[in-house]
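Undergrad: With the hints as your guide, set chain B onto chain A.
Protein chains in written order, with the numbering used here: chain A, 1 to 127; chain B, 128 to 246.
No lab work stands behind these hints, which were simulated from the structure alone.
Yeah, the Cβ is synthetic: ideal placement off N, Cα and C, and Gly gets one too.
There may be inaccurate statements among the hints.
[Claimed, not checked] Below, a list of computed lysine-lysine pairs in the BS3-like style, where the Cα atoms sit at most 30 Å apart:
| no. | chain 1 | residue 1 | chain 2 | residue 2 |
| --- | --- | --- | --- | --- |
| 1 | B | 176 | B | 129 |
| 2 | B | 189 | B | 129 |
| 3 | A | 89 | A | 116 |
| 4 | A | 12 | B | 199 |
| 5 | B | 129 | A | 84 |
| 6 | B | 157 | A | 12 |
| 7 | B | 129 | A | 116 |
| 8 | A | 11 | B | 129 |
| 9 | A | 58 | A | 116 |
| 10 | A | 11 | B | 189 |
| 11 | A | 89 | A | 57 |
| 12 | B | 199 | A | 11 |
| 13 | A | 19 | A | 57 |
| 14 | B | 199 | B | 152 |
| 15 | B | 152 | A | 11 |
| 16 | B | 157 | B | 129 |
| 17 | B | 129 | A | 12 |
| 18 | A | 58 | A | 89 |
| 19 | A | 12 | B | 152 |
[Claimed, not checked] Per the computed footprint, the stretches of chain A lying under chain B, defined by three or more beta-carbons under 8 Å from a beta-carbon of chain B, are:
| no. | region |
| --- | --- |
| 20 | 12-26 |
| 21 | 29-35 |
| 22 | 45-59 |
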Amino acid sequence: MEEENESGVVKKFMYVNRKAPYGTIYALEVLEMVLISAAFDQDVHMAFLDDGVYEIKKGHTPKGVGMKNFSPTYRALEGYDIEKLYVEKESLEERGLTEDDLLVPVEVMSRADLAKLMSEMDVVLTA
Amino acid sequence: MKFAILVNEGPYNHQASDSAYQFVKAALEKGHEIFRVFFYYDGVLNATKYAEPPQDDRNVGKNWAALAESHKLDLVVCVAAGLRRGIVDDSLAPGFRISGLGQLIEAGIQADRLVAFGD
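In isolation and in its complexed conformation, chain A is listed as follows:
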């Protein structure tokens, strides 16, 4: 995907996902932002913490609540060169999850290391 980015500036964007995938629309609509920033050739990072780790948990079956399962989109991110996915270790542990429960390859990081990485970003968008 190519879109005009006349400035040629590449910034470090981080999308911080903190909410469960269903119940509110944040998780779904943030994905639209993520895809567009990739189209602008920006350096895109995604972090999953708190209930946001459920967004990339295997086995979404939201049909019963009348919602569309959008979790396959996370697997498609690789096709947009979005491969910098970070998951907070403490958030996984607090929920009894491990890396094996996740849909996509991620880097698991401690809260302290993730905070450090976040501080190195130019633009941080939370959802």
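TA: Frame of chain A, contents of chain B only:
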């Protein structure tokens, strides 16, 4: 400094739009530049011209429109988020325009700081 602003919540239900408005006003008074204000998620609902809050309450949409007019602000509503919520060209209050998410990313690239308001 050159700021870009992101408003992620609707009016009245949440303080985010009011806080963003106060922030923008204060920044302008201090001589800073506001590159763009982008409305996303339920934030698109700030742009409706049909809101009629009680007379003794603030009018969030009109506040934005007035500030946009006096300072030539660029108030942009996300097209996709707007379509989901019934915000289209015909429902826009003065001062707002509809465009794509690319306008948000561009604002993030161009501004020194992008400040987001919402949960």
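Undergrad: Could you run down the list of hints and mark each one as holding or not?
TA: Hint check:
1. 176(B) - 129(B): Answer holds: residue 176(B) to residue 129(B) is near 29 Å, not above 30 Å.
2. 189(B) - 129(B): holds (24 Å)
3. 89(A) - 116(A): holds (14 Å)
4. 12(A) - 199(B): Holds, at roughly 29 Å.
5. 129(B) - 84(A): holds (28 Å)
6. 157(B) - 12(A): Cα-Cα ~28 Å, so holds.
7. 129(B) - 116(A): Distance of about 25 Å is within 30 Å: holds.
8. 11(A) - 129(B): holds (16 Å)
9. 58(A) - 116(A): holds (28 Å)
10. 11(A) - 189(B): Given pair residue 11(A), residue 189(B) is violated - Cα atoms ~34 Å apart, limit 30 Å.
11. 89(A) - 57(A): It holds: about 14 Å lies between the C-alpha atoms, which stays within 30 Å.
12. 199(B) - 11(A): holds (27 Å)
13. 19(A) - 57(A): holds (13 Å)
14. 199(B) - 152(B): Given pair residue 199(B), residue 152(B) holds - Cα atoms ~12 Å apart, limit 30 Å.
15. 152(B) - 11(A): Given pair residue 152(B), residue 11(A) holds - Cα atoms ~27 Å apart, limit 30 Å.
16. 157(B) - 129(B): holds (12 Å)
17. 129(B) - 12(A): holds (18 Å)
18. 58(A) - 89(A): This hinted pair holds, its Cα atoms lying about 17 Å apart.
19. 12(A) - 152(B): holds (28 Å)
20. 12-26: With 3 residues closer than 8 Å to chain B, the region 12-26 of chain A meets the three-residue bar; holds.
21. 29-35: holds (count 3)
22. 45-59: Coverage by chain B is violated here, the residue count being 0 at a Cβ distance below 8 Å.
Hints 10 and 22, counting from the list given before, are not met by this structure.
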